[in-house]
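> Top to bottom, those sequences are chains B and X.
Here the first sequence is numbered in our numbering, starting from 1 and rising by one per residue.
Here the second sequence is numbered in our numbering, starting from 1 and rising by one per residue.
Treat the hints with caution; some may be incorrect.
[What the hints assert, rightly or not] Derived pair list, reagent style BS3-like, types lysine-lysine, alpha-carbon separation capped at 30 Å:
#1 K93(B) / K148(B)
#2 K58(B) / K47(B)
#3 K221(B) / K144(B)
#4 K93(B) / K221(B)
#5 K96(X) / K144(B)
#6 K96(X) / K149(X)
#7 K144(B) / K290(X)
#8 K47(B) / K290(X)
#9 K148(B) / K290(X)
#10 K221(B) / K290(X)
#11 K93(B) / K47(B)
#12 K96(X) / K93(B)
#13 K193(X) / K58(B)
#14 K31(X) / K193(X)
#15 K58(B) / K290(X)
#16 K129(X) / K58(B)
#17 K148(B) / K58(B)
[To be verified] Cβ-to-Cβ under 10 Å is the rule here; a few derived chain B residues that face chain X:
#18 W8
#19 P9
#20 A38
#21 A41
#22 K47
#23 A50
#24 R60
#25 L62
#26 I65
#27 I66
#28 H79
#29 R82
#30 A85
#31 S90
#32 I178
#33 R215
Don't read these hints as lab results, they were simulated from the structure.
Quick reminder that beta carbons are idealized off the backbone N, C-alpha and C, glycines included.
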Amino acid sequence: MPTAVNLWPLIGVAVIIVGFILRFNPMLVVVVTAIVTAFAAHFPVDKILAAIGSGFIKTRNLPLIILLPLTVIGLLERHGLRQHAQNWISTIKSATVGRLLIVYLAARQLTASIGLTSLGGHPQMVRPLLAPMTEGAAEARYGKLTDKVRFKLRAFAAATDNVGLFFGEDIFVAFGAIVLMTTFLREAGVEVEPIHVALWGIPTAICAFVIHAWRLRRLDKTLDRELRGAEAPADAVAAPKGA
Amino acid sequence: MTITITDLYYLMGAILAITAMMTLMDRQHSKRYSSAFFWGLYSLVFLFGDMLPPVWVGVGVVVMALIAATGGVGIGHHMPRTAAQYADSARRLGNKLFVPALTIPLVTMIGTLTAGYLVFGGTPLIDPKNATLVSLGIGCLVALALACKLTRETPVQGIRESRRLTDALGWALVLPQMLGMLGLVFSDAGVGKAVAHVTTTYINMDVRFFAVVVYVVGMALFTVIMGNGFAAFPVMTGGVGIPILMGVYHANPAVMASIGMLSGYCGTLLTPMAANFNIVPAALLELPDKNAVIRVQIPTALTLLTCNVFLLYFLMGH
Numbered sequence: 001m002p003t004a005v006n007l008w009p010l011i012g013v014a015v016i017i018v019g020f021i022l023r024f025n026p027m028l029v030v031v032v033t034a035i036v037t038a039f040a041a042h043f044p045v046d047k048i049l050a051a052i053g054s055g056f057i058k059t060r061n062l063p064l065i066i067l068l069p070l071t072v073i074g075l076l077e078r079h080g081l082r083q084h085a086q087n088w089i090s091t092i093k094s095a096t097v098g099r100l101l102i103v104y105l106a107a108r109q110l111t112a113s114i115g116l117t118s119l120g121g122h123p124q125m126v127r128p129l130l131a132p133m134t135e136g137a138a139e140a141r142y143g144k145l146t147d148k149v150r151f152k153l154r155a156f157a158a159a160t161d162n163v164g165l166f167f168g169e170d171i172f173v174a175f176g177a178i179v180l181m182t183t184f185l186r187e188a189g190v191e192v193e194p195i196h197v198a199l200w201g202i203p204t205a206i207c208a209f210v211i212h213a214w215r216l217r218r219l220d221k222t223l224d225r226e227l228r229g230a231e232a233p234a235d236a237v238a239a240p241k242g243a
Numbered sequence: 001m002t003i004t005i006t007d008l009y010y011l012m013g014a015i016l017a018i019t020a021m022m023t024l025m026d027r028q029h030s031k032r033y034s035s036a037f038f039w040g041l042y043s044l045v046f047l048f049g050d051m052l053p054p055v056w057v058g059v060g061v062v063v064m065a066l067i068a069a070t071g072g073v074g075i076g077h078h079m080p081r082t083a084a085q086y087a088d089s090a091r092r093l094g095n096k097l098f099v100p101a102l103t104i105p106l107v108t109m110i111g112t113l114t115a116g117y118l119v120f121g122g123t124p125l126i127d128p129k130n131a132t133l134v135s136l137g138i139g140c141l142v143a144l145a146l147a148c149k150l151t152r153e154t155p156v157q158g159i160r161e162s163r164r165l166t167d168a169l170g171w172a173l174v175l176p177q178m179l180g181m182l183g184l185v186f187s188d189a190g191v192g193k194a195v196a197h198v199t200t201t202y203i204n205m206d207v208r209f210f211a212v213v214v215y216v217v218g219m220a221l222f223t224v225i226m227g228n229g230f231a232a233f234p235v236m237t238g239g240v241g242i243p244i245l246m247g248v249y250h251a252n253p254a255v256m257a258s259i260g261m262l263s264g265y266c267g268t269l270l271t272p273m274a275a276n277f278n279i280v281p282a283a284l285l286e287l288p289d290k291n292a293v294i295r296v297q298i299p300t301a302l303t304l305l306t307c308n309v310f311l312l313y314f315l316m317g318h
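All chains should be modelled from the sequences, with the hints used to inform the complete structure.
Structural data, given as structure tokens:
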């Protein structure tokens, strides 16, 4: 090879893409990719295992945020938290799926942008509260939901939490990504003020809100068309109280 | 005494060890031994991770992956309550149910904001390096106490419920850490350097607009592969951003860095590699399609990525 850069580790990228496309078990795909990549970089076997082991130890902080809230969430679910979240939202007559999620999106973006990223999250907010409320808001309007609709609403709830977090946190000056960017640029000989990096994130953050909120409004219209349209004859007789 | 992240590792290890033991004692569990072995191995990483030689941990990780791949991690026997019981206790406890749930984020927030002031006799109460995670751990314990008081249950029942949810997640609980490990192996092996080399050698960037597209889309694509915008940023900014966008087209570095990173985040919305955000919620919400969250995010991510191309193109002259 004419270059000094070893291109063989790129084979790891190919392995992971093929592994995910062929839907092998992701745990297996990741381990095989790690072994193949390290092997392509001429690591001996014990060093490959050591790299996997020490990498796994260094990233132990990642699952904490998922596992630790589960005892509380589980106990509350056992005592009807999800049912109550559904009931509670159905008492708010103007709540639709789209409006609820747009309000959540705005709140998530704004709080993340002042550094309060832990106010949301999938284990502690989406599963016990946001997803059941989304389903409750839909049920209050359209009656019993099919599993297909239910799953779609849950996916939208999770997606909204992600979009709100990602395009809010980057505006916060003390956020890790901004530190990372300015540190990297400084090492490359470029001085930038963290506050400028944070402020130039605002145009994208606004676009993210507009795009996702527009999609959530369309979701309301789609639900209206599909669920009202299909069930109108039965509903009109059976449940006039819903109006 | 300072509460550090290591204390949380012990807490997590203890929960996982109890989960493994409950699994082992669950006679109606169809995969009781392999599942218990999987969670038991995982608990060791948290209880003794710092003491074990990395090679041993590496072997353990490979064994865990093999157990997961052969379908060895199963769901145990849990006794759900009846719909009437749920409805009844929802009515009885009402809005009080929200209190422990909201305690977790609230305590996390307060702890994060006040960590710097909670210093007693020169020793900080909360490890300032990991203030958010440590506060989250404290928040969970406070919330557990409140939840036990409210529902008149014991913490043991809490761990039983935790096991129910852990079973529902299965190996997806371990996946984010596996991918984090892979990112480190990638960078050890020089994958980033190889990608930067290929991008800058084989792609022609003589047109300003085209160079912007390469940077923005490259950030997203590289994030899709690595699962993390943080890994993509040094590669794309070192390879394309600084030499081409700044060097040739005089881009404002703050605009470039900011929009570049947010383009990486568009990639995060698209990839199963960002398991914490995309795969874990699908498992937590019991969606049959593990990619359901990604599917919903695709239109938002691609539209926003297009916006970013134009934003960077028009704003980088500032």
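> Next step is simple, just say for each hint if it's right about the structure.
Checked hints:
no.	hint	verdict
1	K93(B) / K148(B)	holds (24 Å)
2	K58(B) / K47(B)	holds (16 Å)
3	K221(B) / K144(B)	holds (18 Å)
4	K93(B) / K221(B)	holds (17 Å)
5	K96(X) / K144(B)	holds (26 Å)
6	K96(X) / K149(X)	holds (11 Å)
7	K144(B) / K290(X)	holds (24 Å)
8	K47(B) / K290(X)	violated (33 Å)
9	K148(B) / K290(X)	holds (14 Å)
10	K221(B) / K290(X)	holds (26 Å)
11	K93(B) / K47(B)	violated (62 Å)
12	K96(X) / K93(B)	holds (22 Å)
13	K193(X) / K58(B)	holds (22 Å)
14	K31(X) / K193(X)	violated (43 Å)
15	K58(B) / K290(X)	holds (26 Å)
16	K129(X) / K58(B)	holds (15 Å)
17	K148(B) / K58(B)	violated (39 Å)
18	W8	holds (8 Å)
19	P9	holds (4 Å)
20	A38	holds (6 Å)
21	A41	holds (4 Å)
22	K47	holds (9 Å)
23	A50	holds (4 Å)
24	R60	holds (6 Å)
25	L62	holds (4 Å)
26	I65	holds (6 Å)
27	I66	holds (6 Å)
28	H79	holds (5 Å)
29	R82	holds (8 Å)
30	A85	holds (8 Å)
31	S90	violated (12 Å)
32	I178	holds (8 Å)
33	R215	holds (6 Å)
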